[in-house]
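Student: The task is simple: from the sequences and hints, build the whole structure.
Protein chains in written order, with this note's numbering: chain G, 1 to 221; chain F, 1 to 638.
No lab work stands behind these hints: they were computed from the structure. Glycine is no exception: its CB is placed at the ideal position from the N, C-alpha and C atoms. Do not rely on the hints blindly, as some may be mistaken.
Some residues of chain F that are not near chain G, with every Cβ distance over 10 angstroms (derived) [as the list claims (entries may be wrong)]:
#, residue
1, Arg8
2, Thr32
3, Ile108
4, Ala115
5, Lys194
6, Asp229
7, Thr242
8, His255
9, His332
10, Glu339
11, Asn443
Derived DSS-like pairs (lysine-lysine); straight-line CA-CA distance at most 30 angstroms [said to hold, decoys possible]:
#, chain 1, residue 1, chain 2, residue 2
12, G, Lys209, F, Lys74
13, F, Lys260, F, Lys177
14, F, Lys41, G, Lys209
15, F, Lys354, F, Lys298
16, F, Lys24, G, Lys183
These are the residues of each chain, in order.
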Amino acid sequence: MKFHWFFKKNKQPIPNYYKEYQKSFLKTNKLSISNTRFVVFDTETTGFSVKKDRVLSIGAITLINTTIKVNDTFEVFVKQAVFKAETVPIHGILKDGSIEKITELDALKQFLKYIDTAVLVGHHIGFDVNMINEILKRNNLPKLLNKTVDTGYLYKKSKHSIYQNEEKHYTLDNLCDELNISKSDRHTATGDAYITAIAFLKIMTRLNKNNDLQLRDLLMN
Amino acid sequence: MKNSIAERVFDFLKEYPPFNLLPKNKILKIATEVKIIYLEKGKVIFNGDDTIHNHFYMVRNGGISLHKNTKDNKILIDICDGGDIFGLRPLISKENYLLDAIANEESIVYGIPIAIFEAEIENNAKVNKYLITSFASKSFDPYTNEQSNNIFTDYIAKDNLASTNLHAVNYTKKPLKCSIKSTIKEAAIKMSRKKIGCIVVVDTNANPKGIITNSDIKNKIATGIVSIDANVTEIMSSPVITYTKNLTVLDAQLHMIKNKVGHLCITEDGTSNSKLIGILTNHDVLASLGNNPTVILKEIQRAKRTREIRKIRNKANLLLKSYLEQNIPLAHISKIISEINDSVTIRVIELSLKKMNIAPPAKFSWLALGSQGRKEQLLYTDQDNALIFEDVAENKYEETKQYFLKMAGYVTKSLHKIGYEYCPAEMMASNPKWCLSLSEWKNQFNDWIINVNDEGILLSSIFFDYNRVYGDFLMAKELSESIFKSLNKRDLLFTFLAKEAIASPSPLSFFKQFLVENNGEQKDTFNIKRRALMPLINAARLLILSKNISGISNTAQRFERLAELEPQNKELFQSCAYAFKALLKFKTKQGILHNNSGTFIQLESLTKEEKLKLKRCFKPIREIQEVLSVRFNLSNIR
Chain G
1 MKFHWFFKKN
11 KQPIPNYYKE
21 YQKSFLKTNK
31 LSISNTRFVV
41 FDTETTGFSV
51 KKDRVLSIGA
61 ITLINTTIKV
71 NDTFEVFVKQ
81 AVFKAETVPI
91 HGILKDGSIE
101 KITELDALKQ
111 FLKYIDTAVL
121 VGHHIGFDVN
131 MINEILKRNN
141 LPKLLNKTVD
151 TGYLYKKSKH
161 SIYQNEEKHY
171 TLDNLCDELN
181 ISKSDRHTAT
191 GDAYITAIAF
201 LKIMTRLNKN
211 NDLQLRDLLM
221 N
Chain F
1 MKNSIAERVF
11 DFLKEYPPFN
21 LLPKNKILKI
31 ATEVKIIYLE
41 KGKVIFNGDD
51 TIHNHFYMVR
61 NGGISLHKNT
71 KDNKILIDIC
81 DGGDIFGLRP
91 LISKENYLLD
101 AIANEESIVY
111 GIPIAIFEAE
121 IENNAKVNKY
131 LITSFASKSF
141 DPYTNEQSNN
151 IFTDYIAKDN
161 LASTNLHAVN
171 YTKKPLKCSI
181 KSTIKEAAIK
191 MSRKKIGCIV
201 VVDTNANPKG
211 IITNSDIKNK
221 IATGIVSIDA
231 NVTEIMSSPV
241 ITYTKNLTVL
251 DAQLHMIKNK
261 VGHLCITEDG
271 TSNSKLIGIL
281 TNHDVLASLG
291 NNPTVILKEI
301 QRAKRTREIR
311 KIRNKANLLL
321 KSYLEQNIPL
331 AHISKIISEI
341 NDSVTIRVIE
351 LSLKKMNIAP
361 PAKFSWLALG
371 SQGRKEQLLY
381 TDQDNALIFE
391 DVAENKYEET
401 KQYFLKMAGY
411 VTKSLHKIGY
421 EYCPAEMMAS
431 NPKWCLSLSE
441 WKNQFNDWII
451 NVNDEGILLS
461 SIFFDYNRVY
471 GDFLMAKELS
481 ESIFKSLNKR
491 DLLFTFLAKE
501 AIASPSPLSF
511 FKQFLVENNG
521 EQKDTFNIKR
531 RALMPLINAA
541 RLLILSKNIS
551 GISNTAQRFE
561 RLAELEPQNK
571 ELFQSCAYAF
581 KALLKFKTKQ
591 GILHNNSGTF
601 IQLESLTKEE
611 KLKLKRCFKP
621 IREIQEVLSV
631 RFNLSNIR
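Tutor: Here it is, written out as structure tokens:
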């Protein structure tokens, strides 16, 4: 099956791993926030161009009812032909470093299996989702089906209206400072995912002052 | 697969007990299974009466408050902050939680799965002890806990015969050695010059390769089997049996018996592939066995000069140190050290009497006061003592008093030389005020008791804890009886003593802050004597006096006796006794560590575990002060 993809055909058969991913969305029920499985994730990339740049690592953690299980986290490093020396100082991932790396396709398969139908959470998640969607596209697959939450947007929303500034762009570092979160492990995919998760939890608390927060209030899509 | 989150959890766990007591690989295994829980302010982790969780918890960020619900209100027991553990009940028992755990602020806690934790710690005794101690300190009232016996095992006397065999053994630090290239003759000459019965053969790296003893020379050379000019390797016993330093008498004995040797080579890492640092012979082991309190006491009794006593008394300090290191029960330690202190005083008095050349003109009694009187003096402290002499005819009085003052002068001087500082307030028998006839003493006490004033309280509080060390027993007893007769007439004294006993407030200010000294040389240190020991000492003295009981001057024993007398307060009194012993042990350890009295404690120098232990001891102080306040009606006079 894999073999056939190299020949561009109009009707691509959908591979099993994606079918399973797709199928699981059929049986999802509407859940309360405390029962919802959130997967907070972050990608480290060679740069900011969705088309030209590549994902170097994906880190993700699962959040159910404000709890993270350390043994249920996701962390992969991806072999890429594209390499940009100038971004190495940011993410610290060397082209031929000692970290065990897997192919982009394997990373994708594992990632889809891990996220399942969870609500995806990320800081400026649009970029990370686009990066994953590009990988899907390179493999002739449709986009991610998951609902998403953007902590950047949520944070803005959590601020009192007089302090809200539509123009302001909140970086993850801004969030750390304002929400008093330790910045250790910034710029590793898993570290950023963890920080984002904590930020997400703190923002939810602020949004839930009246105890009436619904899942739909969080979602982007 | 790499798990960065687990690594971060590991980095945190490894800094705090009980995890810092575990090897790294085990911490990492536990870290991988941790649950990270975010709690908004006010969020409940568990309530009292909830069934226990599969996890216990460690605070990562923020603070968790523990409350006890009673019929009428909620009592705050403790606030845990970063690195503190809580929710330990499931580790200890299967009963429901007793306390409520609530996020005092926005917090992150780690949930540590008990099944995995228990598998990893196996039966690590230190970890278990830490957990039990920690659990007890957060229980509402440790003293009503039926497990209190286990919690305080450190401080409960048990007659442990094995303990005498647990001293560190003293090995010879500079063993006689020769090169592996030496001839037997060369080695024998060295042995004969130094008059030593064995020599270690070492290679060029100073690693021990063999050993030659007198009997090798007798059996192999003198019999003509090997030539005297042959190489040492021909007759040496090899390989040598090695061991690390810091071995106990018991280790040494067992190792020698097991290997059927009379000599152990002590090397840097305990193997024969590291540098030789000493040798331990059968003889050293026997000598170490002799280095016990009985021997020290005998040596003191035989000593002829102050300087000798000083030397022997210093040995007792080494003994004290090793006892503390080995966690020998404090009741046992203080019994031995008090015995030694008393016999030092007795010997000094005997020697001083000899110096006087004439026999005492009247019967007398030498009293130890203060901590020595209470048999709680472990380190050298100030000498507090007094002398009672028999009533004599008026015309003989001056002469008699002068005799005893002179003698007391000799005694205090010798004690000073030995290491007991002069009392700064001059509460010593060499002071005419503290060297009185029996009827003078009776009047003195009467005066203190009837005319209560602040100075009188201070003085009487020292004098109520006396212990007769030397001389006539009946006079001391008579004085006690007289004091108690006067006491019965005066309730007011108790009120004043009670006021004194609760004058030092609880050693903790706001939940977890130790009250530190805020001025003077000892600024920012914690005065364990004033804040923690004195309130207990004062409380015990007052309560035992109010029961009209004489003859017990030791604080812990006083509390133990009180526990028998008042079954309704048994747990409280027992916990006071335990706390007192624990605090005294703590002070003594600090004193040894910093080579001082241990009174002022640098809080930063304490580990989390030690602070926890201290804090636990403070609980009974607060409770006993409340009892005093009610019993002696203090709310009326404050």
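Student: Is the hinted pair Lys260(F) and Lys177(F) satisfied, with a Cα-Cα distance of at most 30 angstroms?
Tutor: The hint holds at about 22 angstroms.
Student: Does Lys209(G) sit within 30 angstroms of Lys41(F), going by the straight-line distance between their CA atoms?
Tutor: With a Cα-Cα distance of about 11 angstroms, the restraint between Lys41(F) and Lys209(G) holds, given a limit of 30 angstroms.
Student: Regarding the assertion that Ile108(F) does not contact chain G, is the least Cβ-Cβ distance greater than 10 angstroms?
Tutor: violated, 7 angstroms
Student: Checking one constraint from the list: CA of Lys209(G) to CA of Lys74(F), max 30 angstroms. Satisfied?
Tutor: Status holds; Cα separation ~25 angstroms.
Student: Please verify that the nearest CB of chain G lies beyond 10 angstroms from Glu339(F)'s CB.
Tutor: Non-interface label stands for Glu339(F): nearest chain G Cβ at 55 angstroms, farther than 10 angstroms.
Student: Mind verifying the non-interface call on Arg8(F)? Its CB should be farther than 10 angstroms from each CB in chain G.
Tutor: Violated: least Cβ distance 6 angstroms, not greater than 10 angstroms.
Student: With d taken as the least Cβ-Cβ distance between Asn443(F) and chain G, does d exceed 10 angstroms?
Tutor: Nearest chain G Cβ is 69 angstroms from Asn443(F), so the label holds.
Student: With 10 angstroms as the threshold, tell me whether Asp229(F) passes as away from chain G on beta-carbon distances.
Tutor: At about 61 angstroms from chain G, Asp229(F) clears the 10 angstroms cut-off, so the statement holds.
Student: Given the proposed pairing of Lys354(F) with Lys298(F), does the C-alpha separation stay at or below 30 angstroms?
Tutor: Status holds; Cα separation ~19 angstroms.
Student: Are all C-beta atoms of chain G more than 10 angstroms from that of His255(F)?
Tutor: Since the minimum Cβ distance to chain G is about 44 angstroms, His255(F) lies beyond 10 angstroms and the statement holds.
Student: Taking the shortest Cβ-to-Cβ distance between Ala115(F) and chain G, state whether it exceeds 10 angstroms.
Tutor: holds, 13 angstroms
Student: Would the non-interface assignment of His332(F) survive a Cβ cutoff of 10 angstroms against chain G?
Tutor: holds, 45 angstroms
Of the hints listed earlier, those the structure fails to meet are numbers 1, 2 and 3, in rising order.
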